[in-house]
Structure formats: structure tokens, C-alpha cells
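Trainee: Chains as they are written, first to last, in the numbering used here: chain U, 10 to 240; chain C, 443 to 872.
In case anyone wonders, no lab produced these hints; they're calculated from the structure.
Quick caveat, the model's predicted, so the values are computed rather than measured.
Among these hints, one or two may not hold up.
Straight-line distance between alpha carbons at most 27 Å, and here's what the computed DSS-like set of lysine-lysine pairs gives [said to hold, decoys possible]: (1) K519/C with K124/U; (2) K658/C with K231/U; (3) K740/C with K657/C; (4) K17/U with K657/C; (5) K32/U with K634/C; (6) K231/U with K634/C; (7) K235/U with K745/C; (8) K658/C with K17/U; (9) K453/C with K124/U; (10) K725/C with K17/U; (11) K519/C with K231/U; (12) K235/U with K634/C; (13) K520/C with K124/U; (14) K725/C with K614/C; (15) K453/C with K231/U; (16) K658/C with K235/U.
Away from chain C, derived, C-beta distances all over 10 Å, residues of chain U [unchecked claim]: (17) L21; (18) I45; (19) Y55; (20) N87; (21) T107; (22) D118; (23) Q128; (24) G134; (25) N204; (26) V217; (27) I223.
Here a beta-carbon is modelled for each residue, glycine too, at the ideal position from N, C-alpha and C.
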Amino acid sequence: MNYCSNCKVTILDERNSCPLCHKMLEEMEPKRADEITTRYGNRASYPNIRTRERRIRFFMSLMLFCFLLGEVAAVIINYIFTPAMYWSAIVGIALLYTYLFVVYWIRHDAGAAFKVGLQIFFTMGLLLLIDYVTGNHGWAIEWAIPGLILLGDGMVFFFMMLNRQNWYSYLALLLLMAVCSVVIILLYMTHHIQNLILPVICVAVSGVYLAATILFGDRQFKRELKRRFHV
Amino acid sequence: MNKDINTAWDKLDNTALLFPVIASENMTNVYRIFAVMTEEVDRVLLQEALNRVLPHFSVFRMCLRAGLFWYYFEENKKTTPQVRQEYAYPGAYINKSQNHNYMFRVTYYGRRINLEVFHVLTDGFGGIVFLKELVYQYLRLKYPEALAGEKDRISPDVYFDKEDSYLKNYKKPVGERKKYKSSHAVTLQGEKLMGGAVGVIQGSMRIDLLKAACKKYGVTINQYLVGAYAYAIYKGYLHSRGSDIPISCCVPVNLRPYYDSHTMKNFFAMVTAEFQPEERMEKYSFAEVLQITTQSLKEQITKENLDDIITYNVSNEQNFILRLVPLAIKNIAIKQVYEASRHNSTTTITNIGNVELREPYRPFVENFACLLSMSAGQNMKGSVCSYNGILTINFSSILSDTSVQKCFFQTLTEDGVEVVLQTNEVYEDA
């Protein structure tokens, strides 16, 4: 136990200088130290937090470094072996997307349903971008995005089964999938899509799933709407 | 509370409406209340104590969800959050989607049990009630022989009232509404601690010596501590120079005694102790600053003014047109208003009062104290708690400079108050 003769305070920490005025501390007499301990108790220590914070930051930096290195390697290989096609741009977009995806899941505070919903939304954007970069053949809107909607339906089912007590908390995600399915069908009807099979499957799966949820969920479904829409 | 067959839900109280909108990693709105035991904490027993106590406190058994117009609480049916060894700086962000979706966490380190609460749930009053019951239960498990006469039940003096006391005590404004205009205040700035650290300097002092010092000036302990803090900012940060803008210390006031409320939800109001040092030849003395801040507090802590504050805050929430605005737009607007007011206060100092434990438990608990997290524009805050004749004040700060804390404690020691310090060891040592 130490004493700062400048601030006239007793310091319980095991340190050499005063945390207030930075003057070197004087060692306290054992008898006086015992008196202080009896009256105020012993020091309650704190953990070393810095190490943990450093570890998280190191992991994020390492990941970014590896991705940058990977992209540089992709650009060099692309330039040397297949200069006619810029596939390294797709690698770059995918790496950037993965990095943002990891940062988002680690740092962002939201429920799994919201994160999955937003993730599906951004993945749709990414697929459209890759399709555009590779010649705008329309495979993203025709096949990949309807597939993603079906995947979303599957995830809602998985979440509802996993968290049966709170199944209704995934209703918003299910509604989002239903809206996306309707949009896909509208795109077919306005001749932006030639293939009918996947849009029909999307609407059928999302529609049946939503109808079943309303029918079997009954009061829970209504209560969830009441909570969500209370003014 | 709206009780469904399966899921209970509840609206947020008037103050709580703000917290989910503005909370972030840098402005967590999480406070810590902790108890220091006489022996090392046993994690397994603490977890068991939490498992037994939590089911009684429905205010804490909630998760936060977003509706179309408002956030709301929903009963959390998940298992009790895991008790962990302390792993973050005090008042670290509570992630809504982690910790089993609970809005509080219980950690321990050495002899200390920490309860960290997101302010959306309750204020310091509710926090201390919960922590006391957790400590009681933990001690009953840890020392079954010594506490053989104590039953495993919640103390009879605990109220489980969950009313929104703001709404209950709201009086419709008559005539023109009182407006609260606030101007810019001194902001504590400077080099920050490395790696996003939060520094803690804890000072403990005898209440009898502190009372003797207060008697000299004819003020209460609260008024004395607020005055000493404002003086420390004047001396340690402004270097005893004049300023065009005031030093503004926010002081939360527990409204329960004024309105005969026992709610476990938030029920407090903010008043500000202001001191604007003028340019003059002679420096302000501590007695002068204390007199100014005490007067400032006295003028504001009156039933009439507290009524006005409640009316002002609740009338916005009661506006039907504002209620119909979607949450996403409300969030943007609230954030903008909050950001605009970030320079209107210098700091906050709170006093959660004197914690009293029942006699059989006292020998096992050494101390109680609390800590506040940082908020926009406030890089340092003070929090006060008393237990067993000792008052503990914790300064949490993200600034590496400790001049304000130095001036604060030096003011006290000059008044004959014995001070014993400890830190969380983030400050540089020789």
C-alpha cells in the first residue's frame, strides 16, 4: 500500500507513481496500512481487457490483409494467364462482400432474422452486379435470385423449428420472402424473365408457407401483429 | 403489462424510448453496479443465484424488439444469461442479439460481482434492488450454515411495481408549454486512452468526515460533491480561467420520493448544476463555486420544476401525430436531436444513495459502488454510492489526463476528508 504526499491520498494499487499527479509514491507503514485495510477493505482488482481488444482487432486486420493479398494474387494470375476476361474483379467483389459480411455479423447489433433478411437483400444485389460484370446474361434474375428466395424460405422454416417458442419472431422475414416472390412473378408478367418454373415455385412455396403460418399460428400470429403495430 | 397466454409484452417507459435509438458501441447507456465480497466469487453459485432470482424480476426478464412505430419489450423465454468472468471495460455495449437476448449481464472478477444494465430496463434504483437480491441469494448458497435462518425468498420490502410513473404523474399542460432551451457547455476533451480503454479511478471516504466538511459550508453531501466536481473542472480543465460557456453537470434525480412511486422501471429526471466562470483577476474559490452550483440545484429540484420536466417529456410521447410516425423515421429524428445537443452538458454525476443490507449478510460484503458509461460529448462521468459508512465515488473516463480527478480529490483532502484510491490500471505508471 502506498501514499501520495502531494495529493494526500492512499493508493491501493501496486504501482510506483500516483495516478493523479504522477509523483513517485511513498510506501506506507504496515500499521497504517492495516488500519486502512480494516476500514476500507482490500483492493478489488480488474482484469486486463486490453489483450482481448487487441486480439479482436488483430483478427480483423489479419483477415483484411489476407483478402487484399488474395485479390492482388488474383489480379496478377488474371493478367498473366487469362487477360481476355477480368474474372479477378469478381473475386474482388466476392472478397469485399465476405469481409463486410463478417464485420456486419460481428459488429452489428440485430436479431438473426433481421441479419438474414438484410444479407439476402445484399446477396441479391451482389448477384445482379456479378451478372452485369460478366455480360448481363440474366442468369441472376432468372435462376439465382429465385433460388435465394427459396433458400430464405428454408431458413425461416429452420429458424422457426430451432426456436419454436418464439417462432412468430420470424414472421417479418417470411413476409419479406413472400413480397420478393410476388416481385419475381411480376417481373415474369412484364417479360423481364422468360422462365416461369422458378418464379411459380417461389410464389407457391412462400404462399403456402405464409397461409399455413396464418392458419396454424392463429392467435399468436394476431398477437405478433398487435405487438409489432402498437401505436 | 399486456399479458398473453404465452408471451407477455410491455411498452417502454418515457425515458427508455430514447435509449435503444442512441445506444451504440461508443455510447452504450449501460451502467454498472457492483458488490465487493469478502471472499473470491464462486461462478457456479453465482449462476445458481441468478437462476433463482431472475424469475421473480419480470422487468429484467425482457428482450427488446422493434415494432413498426415503437420499440417494445417482450418476455424473454430463453434460459438465464450466462455468468461470465469480467471480459470488457465497465459499461460495455449490451448486444440485443447476444447474451440470450437479455438487456443486462452479470459478471464477476476476484471478489467483485458486477451487474451491468442497459438503461432501457431500469435506472439505478431498480438495478440496486436486483443486485441486492442476487447478492442475498448468492450468500445463502455460499454460506448455508452461517445463514441457516435465512429463507430462499425475495426480501419483503421489494416492490414488483412496473407502472410507467411518468405517464401516471403526467399533467396535461395548461396554457403555453414550458420550453427548455439549452446552450453549449464546456466539453472535456483531450488525448484519449489507448485501445478504446475506459479508465476508472475510485475514491473511498468516510461519510462522517465528509459530513463534517459539508457542515462547514452548510450543504448536503450531494451538493458538496457536485460543487467539488464543478470546481475540479474549473481548476483542472479550464486552469482557473474564465469561460464564455458554462460548466454544466447533469445530476439525475430519483423521482420516486417526490411522487410516492415504487416502480422498478425508469423514473428519474435530469437537472443541471451550472457554473459559468467569468474573466476576473481573482480566481474563484471552492466555497464560491459550491455556493453557485448549490443554488443552481436548489432552484431546479423543486416539485414544480420536476412536474414541468415530466410534462415536457411526456407531452411529446402523447402527441398522436408523432406516435404515428414509423420507427425508422423516429430513430433518424431522435438521433439528430440528440446529436445536436451533445455539447450542451459537460458531465454527469449520479448518486444512487446508501445501500443497506440486512444484518446477517453484512459481514460477507465489503462494499457497493457504481459506474457510468460514456455518452455523446461527455468523456468523463462520476458515480456515487455509499455502504456501511463509506462513500465511494467512481470516475469513469476515456481521457488519459487525470487533472480533473486530481483536483477533485485534492479539494476533498484539503477539507480534511481521508481518501483511499484504486484504479483499473489503465493509467500509465512510472
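Trainee: Against each hint, give a clear statement of whether it holds in the structure.
Mentor: Quick rundown of the hints versus the structure:
1. K519/C with K124/U: holds (21 Å)
2. K658/C with K231/U: violated (64 Å)
3. K740/C with K657/C: Given pair K740/C, K657/C holds - Cα atoms ~17 Å apart, limit 27 Å.
4. K17/U with K657/C: Satisfied, since the Cα-Cα distance of roughly 22 Å is no more than 27 Å.
5. K32/U with K634/C: The given pair, whose Cα atoms are some 21 Å apart, holds under the 27 Å limit.
6. K231/U with K634/C: Violated, at roughly 50 Å.
7. K235/U with K745/C: violated (37 Å)
8. K658/C with K17/U: Holds, at roughly 20 Å.
9. K453/C with K124/U: Given pair K453/C, K124/U holds - Cα atoms ~24 Å apart, limit 27 Å.
10. K725/C with K17/U: Holds: K725/C and K17/U sit about 23 Å apart, inside 27 Å.
11. K519/C with K231/U: holds (19 Å)
12. K235/U with K634/C: violated (46 Å)
13. K520/C with K124/U: holds (20 Å)
14. K725/C with K614/C: violated (46 Å)
15. K453/C with K231/U: holds (18 Å)
16. K658/C with K235/U: violated (59 Å)
17. L21: violated (4 Å)
18. I45: Contrary to the label, I45/U does not stay out of reach of chain C, its closest Cβ about 6 Å off (not over 10 Å).
19. Y55: Per Cβ check, Y55/U is inside 10 Å of chain C; nearest 4 Å; violated.
20. N87: holds (38 Å)
21. T107: Holds, since 21 Å exceeds 10 Å.
22. D118: Non-interface label fails for D118/U: nearest chain C Cβ at 5 Å, not farther than 10 Å.
23. Q128: holds (14 Å)
24. G134: holds (20 Å)
25. N204: The claim holds: N204/U sits with its nearest Cβ about 35 Å from chain C, beyond 10 Å.
26. V217: holds (25 Å)
27. I223: Nearest chain C Cβ is 17 Å from I223/U, so the label holds.
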